[in-house]
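One line per chain: the protein sequences are A and B, in this order.
Sequential numbering from 60 applies to the first sequence in my numbering.
Sequential numbering from 816 applies to the second sequence in my numbering.
Quick caveat, the hints were computed from the structure, so don't treat them as lab data.
Bear in mind the structure is a predicted one, so any value in this text is a computation, not a measurement.
Beta carbons: idealized from backbone N, C-alpha and C, even for Gly.
Heads up, some of the hints might be wrong.
[To be verified] Derived coverage of chain B by chain A (criterion: at least 3 residues anywhere in the stretch with Cβ under 8 Å from a Cβ of chain A; other residues may be distant): (1) 856-865; (2) 869-882; (3) 900-913; (4) 934-942; (5) 963-974.
[Stated by the list, open to error] Facing chain B, a subset of chain A residues (Cβ under 8 Å, in silico): (6) E104; (7) G116; (8) G119; (9) F183.
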Amino acid sequence: MTAVTQFRAAAPLARFRFSASLASVAGTSFKPEHFRAILDQGGHEVFFEVHAENYMGFGGPPHRMLTQIRANYPVSLHGVCMSIGGPEPLNPTHIERFRSLVRRYEPALVSEHLAWSTHGGIYFNDLLPLPYTEATLARVAQHIDQVQNAIGRPILLENPSSYLTFIESTMSEMAFLSALARRSGCGLLLDINNLFVSATNQGYSPTAYLAEFPLDAVGEIHLAGHAEQTDDEGDLLLIDSHDRKVADPVWTLFESVVASCGPIPTLVEWDSNLPEWPVLSAEAAAARAILDRHASIEPRHAHAGC
Amino acid sequence: MPAAEATSVAAQRLPIYAANLARGLLDPDHPIPAGIVGPNGKRPVKRYNVYRNNVTASLVDALAAIFPATRRITGVEFFRAMARFYVRSTPPRSSLLFEYGRDFPDFIARYEYAQAMPYLPDTARIERAWLDAYHAADVPTLAPQALGAISPDLLANVMFVPHPATRIVRSRFAAVRIFAANRQDGPFDRIEASVPEDALVTRRDLEVTVRRLPPGGAAFLTQLLAGRPLGDAAASAFNGAPGFDLAANITGMIEAGVFSALHVGDHA
């Protein structure tokens, strides 16, 4: 019944965990506002992640900046609007644009989201949720397969921040992500802020969530800041806002993952209310210090279980 | 082919959740969709509204980033209210946000509360053209000496290839001055808004530039960009503006980077 061809079935994640030199490197989102400061600062112990869609124009300053960044640093290409989690067929034009970016910039990491953003011809510019069922699993696995075949390499799929659940869901997010990785050969991008936000919003323990997360498939970690609101009952509702420093409990969870898995390429995201470069750079340095503390831990084999 | 099987299996059971959620995302009066909950039976209203807010606010932010001068003119609150109406009536059809808002200037022209600022739509048109020029393909601009290499008796037959960044925005108002004054944060002298200005938007290498075209310049350039030969374009410019300075116009346009190439067409 599963109808998805396995992509690079033999240890598909090995390249992320062993051959890439990124394992012990911390990176940040790349923002054009920081371009000059980054080049002035120099140094190469960092990598940069860009939202793929911002570089899908024909030319001009965006490509010139990214070319220069890529010449000096490893780059992670992070797709935001493939709509992999949607029921509609993927947009072939968008896949082609994504493919040509992968060919042009040869990113060290390529990732997308377990979410949808386009439906009925409208682009909603948000990472919208999906129910976790056998039917959606089959559909999403097929979408991942389609993207991986188009770009000729596996992608990392990011766990979402969630605010609600679907009554029709029949499996947990962790079970869904594990099955997706197994079926499609994709890796996972563990966003620890999303994990913390979802756990808080869904009323379960982040450490329990983490214990069930398929860590052996993780090829990159995201850290970011979140905002606080309240739900209809007046209880805490966390919002994945990417507009401030990483919260203390997220750092703690991060350290526990690295302590048990060894260094994994880690990225601090910051997308709005942008600080000066030194502030963001210091966040990456803090992540780097945690990776360094656990540098002696041998990353375990991708399928040995972490 | 196994993939086809997956499609058919999935297609039978999947279409509900996205359509169900999507319906209310841009409509604040739409009821909260069925089938979603918080943990332990908690209500989904504020939870669903997180997505609602994300969608509208992020698209309003996208417009604010594309139209900063328009926003400075109207003020932030006015702009956000206007943009919210636009977002809800005209959400993006493309996932590339830098393509969004092509018809926002037309919306502004119809927007009831913006009628006191008749120069606003053209200012927004220049901003939209600016962003198109910013993302346009990297193509070398025509070398200034290129025209000098053409034999004088063939000049009238010269046709130009527009650079992909080149845009013209014609206005009955001082849209270029208003645009330039409001694309920066500093104070500026009073602008007489009723003086017509035609904007020329170009990009040499990385720098997008917005200039005022001299009298007759827009008519002349519109002809050239449409592929008409130089002789015809000059004639139509002289018709509209007897004082039209052909040499200064053509030199200025080549220096601005309006064209990427030229070739000599057949005799008309």
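Hint check results:
For the region 856-865 of chain B, the stated coverage by chain A is satisfied: 8 residues place a CB nearer than 8 Å to a CB of that chain, which reaches the threshold of 3. Coverage of the region 869-882 of chain B by chain A holds in this model, with 6 residues showing a Cβ closer than 8 Å to a Cβ of that chain against a need of three. Interface restraint, the region 900-913 of chain B with chain A: holds (8 residues with C-beta to C-beta distance below 8 Å; minimum three). Counting residues of the region 934-942 of chain B whose beta carbon lies closer than 8 Å to any beta carbon of chain A gives 0, which falls short of the minimum of three for the stated coverage.
Coverage of the region 963-974 of chain B by chain A is violated in this model, with 0 residues showing a Cβ closer than 8 Å to a Cβ of that chain against a need of three. Taken as an interface hint, E104/A does not check out: its beta carbon lies about 29 Å from the nearest beta carbon of chain B, beyond 8 Å. Interface restraint check: G116/A against chain B, minimum CB-CB distance 3 Å, threshold 8 Å, status holds. Annotation: G119/A was flagged as interfacial toward chain B, and the flag holds, the nearest CB pair being 5 Å apart, inside 8 Å.
The restraint placing F183/A at the interface with chain B holds, with a minimum CB-CB distance near 5 Å, inside the 8 Å limit.
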